[in-house]
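Full structure from sequences and hints, please.
Protein chains in written order, with my numbering: chain A, 1 to 156; chain B, 1 to 176; chain C, 1 to 653.
These aren't lab readings, by the way, just hints derived from the structure by calculation. Note that the coordinates shown come from a computational prediction; the quantities given were computed from them, not determined experimentally. Every residue gets a Cβ at the ideal spot worked out from N, C-alpha and C, and that includes glycine. Warning: the hint list may mix true and false statements.
Distance ranges between label pairs, derived from CB positions [what the hints assert, rightly or not]:
id, chain 1, residue 1, chain 2, residue 2, range
1, C, 171, B, 148, 54 to 60 Å
2, A, 27, C, 413, 31 to 37 Å
3, B, 11, C, 475, 48 to 54 Å
4, C, 435, A, 64, 44 to 50 Å
5, A, 27, C, 474, 53 to 59 Å
6, A, 60, C, 636, 50 to 56 Å
7, A, 74, B, 37, 24 to 30 Å
8, A, 142, C, 418, 34 to 40 Å
9, B, 37, A, 60, 41 to 47 Å
10, B, 148, C, 168, 54 to 60 Å
11, C, 512, A, 27, 20 to 26 Å
12, C, 11, A, 64, 53 to 59 Å
13, C, 529, A, 64, 25 to 31 Å
14, C, 335, A, 144, 35 to 41 Å
Result set (DMTMM-like, lysine to aspartate or glutamate): computed pairs, CA atoms no more than 20 Å apart in a straight line [what the hints assert, rightly or not]:
id, chain 1, residue 1, chain 2, residue 2
15, A, 65, B, 125
16, C, 383, A, 94
17, A, 26, C, 529
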Amino acid sequence: MLKLLMIMAVLSFNSVHAAIDTYEFKDADKQARFHELTADLRCPKCQNQNLADSNSEIAQDLRQKVYEMLDADQSDSDIVDFMVARYGEFVLYEPRFSLQNSILWLGPFALLIVGLFVVLFLVRSRSKNSKIDSAEVELDTQQQKRLKQVLNKGKK
Amino acid sequence: MPRLLLFIPLALFSILILFLWKGLSIDPRELPSALIDKPFPAFKVEALLSPERKLTTADIVGKPVLINVWATWCPSCRQEHEQLLRIAQENKIAIIGLNYKDERTAATQWLTQLGNPYQFNIYDESGMLGLDLGVYGAPETYLLDAQGIIRHRHVGVVTEQTWQELQAIIKSWEKL
Amino acid sequence: MIPELGEYALILALGFSVILAIVPLYGAASLKTIWMEYAKPLAKAQFFFMAISFACLGYAFGQDDFSVQYVANHSNSQLPIQFKLSAVWGGHEGSLLLWALILSGWTLAVSLFSRGLPLDMLARVLGVMGIIATGFISFLLWTSSPFLRYLPRYPRDGADLNPLLQDFGLIVHPPLLYMGYVGFSVAFAFAIAALLSGRLDAAWARWSRPWTNVAWAFLGGGITLGSWWAYYELGWGGWWFWDPVENASLMPWLVGTALMHSLAVTEKRGVFKSWTLLLAIFAFSLSLLGTFLVRSGVLTSVHAFASDPERGFFILVLLVLTIGGSLTLYAFKAPNVKSESSFGWLSREMLLLINNVFLMVMAVTVLLGTLYPLLIDALGSGKISVGPPYFNALFVPIMGLLVVSLGFSSVARWRNTSLESVKQQLMLPGIISLASGLIFPFLYGDGFNFRVFIGISLSMWIITTVFREFKGKFRSTTSIAEKLKQLSPSYYGMMLAHVGVAVTAIGITLVSVYSEERDMRMAPGDTMELADYQFKFLGTKSVKGANFVADQGTIEISLDGESVVTLYPQKRRYNVKKSMMTEASIDPGLFRDLYLALGEPLADGAWAVRVHYKPYVRWLWLGGLLMALGGIVTVFDRRYRKNDTQKQGVANA
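Quick look at the structure:
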């Protein structure tokens, strides 16, 4: 508990204001990629902020690194791999698609399919019922005679 | 619809509770090092007290060492300093300092005033070595084996308990 | 003295909750009228003492009583009075007291507005709410009392409220949100009461509906307000971050939406009773789960309260007892006999089922994404993060599907609709929607944009189909005014809410695609251009606020040479906490916001300045408000206000 408090004391160094750097790219495409990368990478020590929004030292350093790597014509996956190699998958806001994360990515879709099937099944069984409800049951003359007999018996 | 199906929500909920209960004993902000069982990143950085000396990985391999990431702007580093001095006195393992994003004069003054538990200090002024190491906030302490492979990372103040844990890890290597 | 009175009042409130939890339920089970009659006065007493307790805490804040720990930790003598009072719910203990107060408020409301309710039902509903109150007030008294003191030595002045919270948003957002969260306890209590009594006819659905709709409206309003607050307060111009605490509020809202619709069908057609019961339990369970997630320290969030595993454990026990108990009751006593009513493929019932499937998948997606890091960590497989890229990728498409089905539901009839009739009614709306979607990006933007096409088409789909249905009502009437009066508030509410969805969708689409931003170094006299506007920076000057000092920038904005507005963003430094904060300056507009924030001071009087151009961002929140308004309007329906014991007799037969 004490340890936790001490860690928090150190780590709560970030102040509460917007992180505004003035990185200017010559290339509009690189500007957009910088935007996206810093939005999708997580600040390793903040309380759930991405690199773009955090003002902590480590976030500033990492933004600088992203800027340098983009300037050096590195690809997006190079930059992401660089970050993951040092900080682990924790820094990815978009979890990688792996066996471990398969439930995460496929679960909702699977649930949707299951749900739609359930609806299908429900509607089918109820439509069948309605066919029976509304279908007229025709009695032929013999059945009608028997029906009268049964009813008369009951009256006695 | 069989009665059994109606128990599914309860079953799912029970599983969720187990996870939440386990979650109470986990610290979500503690980040394990991504470099465990990987070699210490390559570097070529000046030493703090003798700037003409350039340190490289060669200087930290050979025997198990503790690499302690510290800075004068970090209040918790001040707190753990005494413990580090004690560990240095016991002379069981060398402590190498990684002075992270600091000022040379301030750092030198600090060591003079408070004592120097470090064999030498890597002066990572830019913080780039720290970045390669996956440092996210001082103080951090890394345990390296004789081959320079990172075996353990402790984030936060090093206490007597931490020292016991580290010693236990080192002992477990000697058994192998 | 007063804080101790507050604690004592809280203990008395607990006493009444315990009695409320036991006596009326026993009375209902053994049909002892006197015991059941106790429910109403107990509810009143519980509220009375909760109100006193809350007032005592408010008084402590108002009087700067820093001997009270909670006041010392969250307030300061320099704090303006409105923030001193709203700081009451600025931290864990006080907000929990607010939670309990609101719960007792809803309990009181149920006891006052239930004329048509049979006594045993009312007794059970209030009894269940008493059980929940017992849990929460116990939690307060055992682990989180806001009345603890720093004695004998207490601080001369307080530690001040977090600057981010020193804002109008704090005054309104938490109370609205809690009204919603806690409000779902009423639907929950009705469901439990129905299960306990075994009386699972459609009547409980009718009683539940107004309570559910109001809670849903409050929650939606609270979420909307939270989004707006984050937008102007945090300086990044963002309006939703998929942060765990935000998700904790969204999940009950999604399930609440499903519940609202499902209740409508259960009331009108008597079908899906078991499912609706389950939804009622789910909605409140998610509220409770949200409480756990936010206060236990299990997840990391900028919004989370200071956490403590001991408190987390207590809430976990509350969860197990409440949710576990209710789900067990459900498993044993929910009806598993299929109701007689049948319906076809193209019917309102079917579309309702589809609506529920989509909403539930959306809720599960959010739940899964929020809890996945915890699950992986608990299994020892390391630390991962799940953020906006995941949620946006999965949530938005399903929302799109939901909107498509919304259009169909406007023209579908109960039981069955002919395909011909649907095709004929939806043909024109479909064409208009697709055409609008195609044309809009050309008119507004730089040419075709797929996301805008989808977003605008779907929004217009809602608007045209809602209008189609509305027009259809007048097909066989001569007097328009008469017909307008004839249409029920339920119907108007539904229209408002559905149009609100469309408005929000337009806002989300356009602000996501067409917003622009730039960060630039600006020295006094520099100009910058963004989205056809010119921004001229005129330097900064020092200003003083009530409890802060700030550098205030002056920026003149013009469009085509004509002056539009001058904005004054600030970089504040609060006196007590010594923390820095950016106060963005916004020029709001119905069709665009201009958003300015100051970053760091650079050399020579220059500053890092961020400029945002945000088109249609206000539509986001307007839509949310329309939805909430729609929910409120439905409650004015005559059938909820009439004292119809007659109808009940029929229903119970």
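Okay, the hints, checked on the actual structure:
1. C/171 to B/148: 54 to 60 Å: Distance hint for residue 171 of chain C, residue 148 of chain B holds at roughly 57 Å.
2. A/27 to C/413: 31 to 37 Å: Violated - the Cβ-Cβ distance for residue 27 of chain A and residue 413 of chain C, about 57 Å, lies outside 31 to 37 Å.
3. B/11 to C/475: 48 to 54 Å: At 51 Å between Cβs, range holds.
4. C/435 to A/64: 44 to 50 Å: With Cβ atoms ~48 Å apart, the hint holds.
5. A/27 to C/474: 53 to 59 Å: Given about 58 Å between the Cβ atoms, the range holds.
6. A/60 to C/636: 50 to 56 Å: Since residue 60 of chain A and residue 636 of chain C have Cβ atoms about 54 Å apart, the given range 50 to 56 Å holds.
7. A/74 to B/37: 24 to 30 Å: Given a distance of about 26 Å, which is inside 24 to 30 Å, the answer is holds.
8. A/142 to C/418: 34 to 40 Å: holds (37 Å)
9. B/37 to A/60: 41 to 47 Å: violated (30 Å)
10. B/148 to C/168: 54 to 60 Å: holds (57 Å)
11. C/512 to A/27: 20 to 26 Å: holds (23 Å)
12. C/11 to A/64: 53 to 59 Å: This hint holds: roughly 56 Å between Cβ atoms.
13. C/529 to A/64: 25 to 31 Å: holds (27 Å)
14. C/335 to A/144: 35 to 41 Å: Given range 35 to 41 Å: holds, Cβ gap about 38 Å.
15. A/65 to B/125: holds (15 Å)
16. C/383 to A/94: Holds: residue 383 of chain C and residue 94 of chain A sit about 13 Å apart, inside 20 Å.
17. A/26 to C/529: Given pair residue 26 of chain A, residue 529 of chain C holds - Cα atoms ~17 Å apart, limit 20 Å.
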